[in-house]
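Visitor: Chain W is already provided as a structure; the job is to place chains F, Z, A, Y and X on it using the hints.
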Amino acid sequence: IENLQLRDSLRMYNSLTERCFNDCVESFTRKSLQKQEETCVTRCVEKYMKHSMRVGMRFAELSQGAATSD
Amino acid sequence: IENLQLRDSLRMYNSLTERCFNDCVESFTRKSLQKQEETCVTRCVEKYMKHSMRVGMRFAELSQGAATSD
Amino acid sequence: IENLQLRDSLRMYNSLTERCFNDCVESFTRKSLQKQEETCVTRCVEKYMKHSMRVGMRFAELSQGAATSD
Amino acid sequence: MAANNPGVPASIDKETAFTLAQSEMEYRVELFNRLVHTCFNKCVDRRYKENELNMGENSCIDRCTAKYWAVNNIVGQMISGGQQRPM
Amino acid sequence: MAANNPGVPASIDKETAFTLAQSEMEYRVELFNRLVHTCFNKCVDRRYKENELNMGENSCIDRCTAKYWAVNNIVGQMISGGQQRPM
Amino acid sequence: MAANNPGVPASIDKETAFTLAQSEMEYRVELFNRLVHTCFNKCVDRRYKENELNMGENSCIDRCTAKYWAVNNIVGQMISGGQQRPM
Numbered sequence: 002i003e004n005l006q007l008r009d010s011l012r013m014y015n016s017l018t019e020r021c022f023n024d025c026v027e028s029f030t031r032k033s034l035q036k037q038e039e040t041c042v043t044r045c046v047e048k049y050m051k052h053s054m055r056v057g058m059r060f061a062e063l064s065q066g067a068a069t070s071d
Numbered sequence: 002i003e004n005l006q007l008r009d010s011l012r013m014y015n016s017l018t019e020r021c022f023n024d025c026v027e028s029f030t031r032k033s034l035q036k037q038e039e040t041c042v043t044r045c046v047e048k049y050m051k052h053s054m055r056v057g058m059r060f061a062e063l064s065q066g067a068a069t070s071d
Numbered sequence: 002i003e004n005l006q007l008r009d010s011l012r013m014y015n016s017l018t019e020r021c022f023n024d025c026v027e028s029f030t031r032k033s034l035q036k037q038e039e040t041c042v043t044r045c046v047e048k049y050m051k052h053s054m055r056v057g058m059r060f061a062e063l064s065q066g067a068a069t070s071d
Numbered sequence: 165m166a167a168n169n170p171g172v173p174a175s176i177d178k179e180t181a182f183t184l185a186q187s188e189m190e191y192r193v194e195l196f197n198r199l200v201h202t203c204f205n206k207c208v209d210r211r212y213k214e215n216e217l218n219m220g221e222n223s224c225i226d227r228c229t230a231k232y233w234a235v236n237n238i239v240g241q242m243i244s245g246g247q248q249r250p251m
Numbered sequence: 165m166a167a168n169n170p171g172v173p174a175s176i177d178k179e180t181a182f183t184l185a186q187s188e189m190e191y192r193v194e195l196f197n198r199l200v201h202t203c204f205n206k207c208v209d210r211r212y213k214e215n216e217l218n219m220g221e222n223s224c225i226d227r228c229t230a231k232y233w234a235v236n237n238i239v240g241q242m243i244s245g246g247q248q249r250p251m
Numbered sequence: 165m166a167a168n169n170p171g172v173p174a175s176i177d178k179e180t181a182f183t184l185a186q187s188e189m190e191y192r193v194e195l196f197n198r199l200v201h202t203c204f205n206k207c208v209d210r211r212y213k214e215n216e217l218n219m220g221e222n223s224c225i226d227r228c229t230a231k232y233w234a235v236n237n238i239v240g241q242m243i244s245g246g247q248q249r250p251m
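Protein sequence lines, in the order shown, are assigned to chains W, F, Z, A, Y and X.
Going by our numbering, the letters in the first sequence line up with residues 2 to 71, in that order.
Going by our numbering, the letters in the second sequence line up with residues 2 to 71, in that order.
Going by our numbering, the letters in the third sequence line up with residues 2 to 71, in that order.
Going by our numbering, the letters in the fourth sequence line up with residues 165 to 251, in that order.
Going by our numbering, the letters in the fifth sequence line up with residues 165 to 251, in that order.
Going by our numbering, the letters in the sixth sequence line up with residues 165 to 251, in that order.
Bound-form chain W, shown alone (with noise of 0.2 Å):
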C-alpha cells in the first residue's frame, strides 16, 4: 500500500510537471523560463494541489456515502 502511495506520488508530480508545462509555455527562443512563465507555473502548481484537497474531501464523503443536496 505505502510503495502504491509512493508511486502514485509520483506519477502526479510527472503529471503536475506536463500540465503546468503545456499551460504555461509557450515559447521557445531561449533555453531558459521567464519571469512570467515561472509565474504562470508557481500559480498552476498552487491551484493544482488546492483543487485536489478539495476534490480529496468529496471524493472521502462521497465514498462514505454522505447524503448531499444540490
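Hints listed in this document are in silico derivations from the structure and should not be mistaken for laboratory results.
Remember, predicted model here, so these are calculated numbers, not experimental data.
Cβ coordinates follow ideal geometry from the N, Cα and C atoms, glycine included.
Hints may be right or wrong, so weigh each one.
[Said to hold, decoys possible] Derived, one-sided and incomplete: chain Y residues facing chain F with beta-carbon distance under 10 Å:
hint, residue
1, VAL193
2, HIS201
3, PHE204
4, LEU217
5, ASP226
[As the list claims (entries may be wrong)] Stretch-level coverage of chain F by chain A, calculated; a stretch enters the list once three of its residues show a Cβ under 8 Å from a Cβ in chain A:
hint, stretch
6, 40 to 50
7, 55 to 65
Guide: Just chains F, Z, A, Y and X now, with coordinates in the frame of chain W:
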C-alpha cells in the same frame, strides 16, 4: 494472466467513466445528473461496449493472419 | 531494471503507433493503407526516433548538471 | 468491488484475496486521479491569474465531483450487467 | 514478439521466459486498448443520438482496425531495424 | 529523489531500498517519456514533409527540454514544501 485481465477490466471501467463523463456532462449548475445527461451516458456506454466487442473480433482475426480484401 | 526497459520499449512502440496513426490516417473508405499514408507513417517514425535520441542526449546532460547558456 | 463482496466465494485463498484488494486499491487510485484531472479541466481557469481557487471554481469542483461519481456508478452498473452496484 | 521467437537463445531460464511472456501480454493488452480508444474517436458519432452503431460506423471500425494493425506492423519493422517482423 | 537522500533514515532495510530505487527509476522513465511526448508536440511539424528534423526543430527541442527540466524542478520544490531540491 487472470490478474492482468482483472486489472485491465478495472482500467477499462475507469476510462469509460472518463470518456462518457467528458462527452455527456457539460453543465455544473447542479450537483445531480440531468435526465438527458443520464441518457447520453447510457448510450455512450452501450456504444462503447459494442464498439469494443467489434474491434475485439477484428483484432482476433488479424492476430490469426486472416486474409482480407478491401 | 532490464524488465523495466523491455516494458518501456514496448510501451514506446504502442505510443508511436497511436501517434503516427492519428497524425497520418484520416480516411476510412478502404481497408488498406494508401501510399501517402504509408510515407507519412514512415517519416513520422523516423522523425520521432531522431527526436527521441536528441532529447535523450539533452536529458543526460541535464541529469549530470551540465552548465548551459541560452 | 466491496471488500466483503457477497458474490465472492468463501473459499478463495489468501493470495487471491490480496490480489483482489490490490486491484481494488489501484482502481480507486486511478478513479481519483482521473477525477482530479477531468474536473480541473472542466472547472479551473487555466490562465492562472491568481493562485487561489475562486468561489465559482470551488462550487464547480464540488458539483463536478458529485457528477463524476454518479457517472461512475452508472457505468459500473452497466458493466456488471446490473447485477450488483459497484463501489 | 512471437512466442517461439527465433532470435531468443535457447538457454534462457524460466524466470526470464515468464517475464517475456508477461511483457508480451501487457503489450498486446495495451495495443488493443489504444486501438479501441483511437478507432472510437475516429469512427463513432459522439453526440450519442442512439445506442446502436450504424452501418457507416461499423464499416469505419473494421477499416480503422485493419489500418491501425498495418501501421503497427510498419512501426514494429522500423523499430526492430527491419531484422524481424514483429507480431 | 537522490539515491543518498539525507532525509532517509539509515536503518531502512534492503527491500525498502530496492522499492525506493525502483520507484525512482520508474519516475525517471516516465519523466523522460512525457518530456519526449510534450516537446514533440511543441516543436515538430506534424505534416511530415521530410524525415529529417530541420534546424528550427532541433533548436526548439533543445530549449523545450531545458525548459521542461526547469518546470519539473519548480514543481518538485513546491511539492516537497521547499525542504529539499528534488532530482
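Visitor: Which hint numbers doesn't this structure obey?
Guide: Those not satisfied come down to hint 7.
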